[in-house]
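Peer 1: Spelled out, the chains give:
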Amino acid sequence: MVNYATAAIDKTSVLRGLVSTKRVPLGSEVYNRLLETLYDEAAALDERRFDDWVAYLEQDLSYTAPLRLTRNGPNKDRDVVRTMKHFDENYGSILMRTGRLAKSAWAEDPPSRTRRFVTNVRVAESETAGEYEVVSYLYVERSRLDNPDNETISAERRDIWRLVDGAYKLASREIIVDQSTLGMSNFAIFL
Amino acid sequence: MLHNAGLTLSDGTTLDDLINRDMNEVSLRVMNDKELYELEMERVFARTWLLLGHESEIPKAGDYVMRDMAEDNVIVSRDRSGEIHVMLNVCPHRGMKVCTAEAGNAHAHRCIYHGWAFRADGSFIGAPIEKEQMHGNKRSKDELGLKKARVHLYGGLIFATWNKDLSFEDYLGDAKFYLDQLFCRTDNGLEMLGPPQRFVLPCNWKIPGEQSGSDGFHTLTLHRSLMEGGIMGGTAESIYDTAPGMYGVDLSVPQGHTLRCLEAAQTFKMFADVSFEGKSTEERLHLLPPPGITKELIPQLFKNLSEDQVKQLANIPPQVGGMFPNILIAFIFAPRTDGGASGALSLHTYVPKGPDKVEFVNFIFAEKDAPEDVKRDMLQNAIWSTGTSGTIEQDDADTWPQIMRNSRGHMSKTVTLKYQALHGHERPEGWVGGGDLYPGFTKDDTQWAWWMAYYNLMAEA
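Protein chains in written order, with full-length UniProt numbering: chain A, 1 to 191; chain B, 1 to 461.
Honestly, the hints are just simulated from the structure, not real lab data.
Only a predicted model underlies this, so the values are computations on that prediction, with no experimental measurement involved.
Mixed in with the good hints there might be a few duds.
[To be verified] Okay, the calculated bits of chain A under chain B, using three or more residues with CB under 8 Å as the criterion:
{"#": "1", "stretch": "66-74"}
{"#": "2", "stretch": "79-85"}
{"#": "3", "stretch": "90-99"}
{"#": "4", "stretch": "104-117"}
{"#": "5", "stretch": "178-190"}
[As the list claims (entries may be wrong)] With a straight-line cut-off of 27 Å between C-alpha atoms, the simulated DSS-like cross-links for lysine-lysine are:
{"#": "6", "chain 1": "B", "residue 1": "Lys176", "chain 2": "B", "residue 2": "Lys311"}
{"#": "7", "chain 1": "B", "residue 1": "Lys60", "chain 2": "A", "residue 2": "Lys76"}
{"#": "8", "chain 1": "B", "residue 1": "Lys176", "chain 2": "B", "residue 2": "Lys303"}
{"#": "9", "chain 1": "B", "residue 1": "Lys311", "chain 2": "B", "residue 2": "Lys148"}
{"#": "10", "chain 1": "A", "residue 1": "Lys76", "chain 2": "B", "residue 2": "Lys97"}
{"#": "11", "chain 1": "B", "residue 1": "Lys148", "chain 2": "B", "residue 2": "Lys138"}
Using N, Cα and C, we set each Cβ at its ideal position, and we do this for glycine too.
With the rest of the complex left out, here is chain A (with noise of 0.2 Å):
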């Protein structure tokens, strides 16, 4: 739980990756159904169908980017600072920001053309029966007007999956960037 009574920077922590130590081996089926999900998602966004996109999402979801931050000597790994974030959203809010991409948001209208690449991708089960930790890489090249020179991004995304009717539903997502300072203009595609 994240303390907000304070700005001051000891409230960094180190977590990432994998919590559950029970793995769902490379190549199984909820394995690959889980890869392929993460798949279609991805073109979900790089093709803006973003009602095909928020199809994935639970109604109790909880989607946060957490603040990255160069430290060093002892506290060199304690680099997620989780008091600020780039994203810190829920189902209403996701809501109200592809509501908004359908009208007039000119960040992407004229549109960006996105290609995410999810790789590294490590399954366990959770601790919830029919939820699953899923932790991906994501590198994102996004064009911007006619500019050719690309934006990128790089993160890994630590998320759980809920199986929910046979389908796979994202009930949680984090995305922890790589650059304490973002060389992407806005943040106004979803990661």
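Guided by the hints, dock chain B onto chain A, whose structure is given.
Peer 2: Below, chain B alone, put in the same frame as chain A:
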């Protein structure tokens, strides 16, 4: 007053050619000019006060954060006595960064290159192998400290300057009456809710800089989605008739600080159908507390501000604006569908990183005495509307680089930016605060005042 200023670029272009004070026009060339940029570093950024952070980021002795004063990297640290220091993060030995982390706690900063060490107040401790005196014998230890900037705390905000003469009071001028209402209104003041969001945009710092001179007009068009979302009242269809949020009192001071004050009664009408008529200051504050203030904090306003200041907060609070040269203020209402706290408090600095790059630094606040759930809501409100992913500022971040790109064209850069929709100074009846006031529909007056502050600094050799 209208004499040719002491600035001529190598091709003979003068400051008066670039900023036409008779026509209220600015050449687009200023948005991408290397020579001008170098002069700005000296005449603007080394001369004014610059915002670096907030003391709540470094509460304990030894706490530090790394920040930038334009392109100069600095350490902002708190020493054993609690005093805050700002100093160049440049080792006087060989120029390496003395501190390599963005934040942390250290009572001494030891350069990793040759080990020269410095206290949290910047003073030189020594070089390794004391008996060999590796700092030489030509300069005393007193001369070998990190170069220090002057520091001033205002409402806990950490400002610093390289200017030896400019007092902070003179820098604020008449803006203090209004800014106190935002930064100095509660017993324990503001608190930064976490380290700043930072991202880099391919544009000159003056593009966001002049916009933060209270460009109210662009809200209606660039931020049209606010109207569509119903956040400003009315609908997308009615915005050009009703122009919600466009009326109020804009103000500027000669130092280049500007604010937009919006009538609470108008704002309130957007949320609820209750009249402000005949209500006392206190009743009005309870009906619609200013952004970031909860009902429990209202008594503190009366304690920390003058009666006139509280009255303004209740009736026509300052909400957006800027402090010269590169600070944006957004202390805004942010209605939530879940009925949560309706405020977002953000400050940005637009830190120059070359003529064609700017770092957008987004500081997010709440009142320290606000309840935890309110802080949580306010953090979310600010993330949703400002900074990296904010739905308002996404649009700005995509627009500014396109202006920048245009400023490179041989013909395009001769185009002038027009600041000719001017209201002129007019003091509304009963208005107490100082500065130049522009009541009514938001116009170009405040942004022109920003350019005049820029002109005056750049003209002074």
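Peer 1: Indicate, hint by hint, whether the structure satisfies it.
Peer 2: Hints, verified against the model:
1. 66-74: holds (count 6)
2. 79-85: Contact hint for the stretch 79-85 of chain A vs chain B: holds, 4 residues under 8 Å.
3. 90-99: As far as the stretch 90-99 of chain A goes, the hint holds, because 5 residues have Cβ atoms under 8 Å from chain B.
4. 104-117: Satisfied; 5 residues make the cut.
5. 178-190: holds (count 9)
6. B:Lys176 <-> B:Lys311: With Cα atoms ~16 Å apart, Lys176 of chain B and Lys311 of chain B stay inside 27 Å; holds.
7. B:Lys60 <-> A:Lys76: This hinted pair holds, its Cα atoms lying about 19 Å apart.
8. B:Lys176 <-> B:Lys303: holds, 17 Å
9. B:Lys311 <-> B:Lys148: Roughly 40 Å separates the two Cα atoms, so the pair is violated.
10. A:Lys76 <-> B:Lys97: With Cα atoms ~17 Å apart, Lys76 of chain A and Lys97 of chain B stay inside 27 Å; holds.
11. B:Lys148 <-> B:Lys138: Holds, at about 21 Å.
Checked against the numbered hints given earlier, this structure breaks only hint 9.
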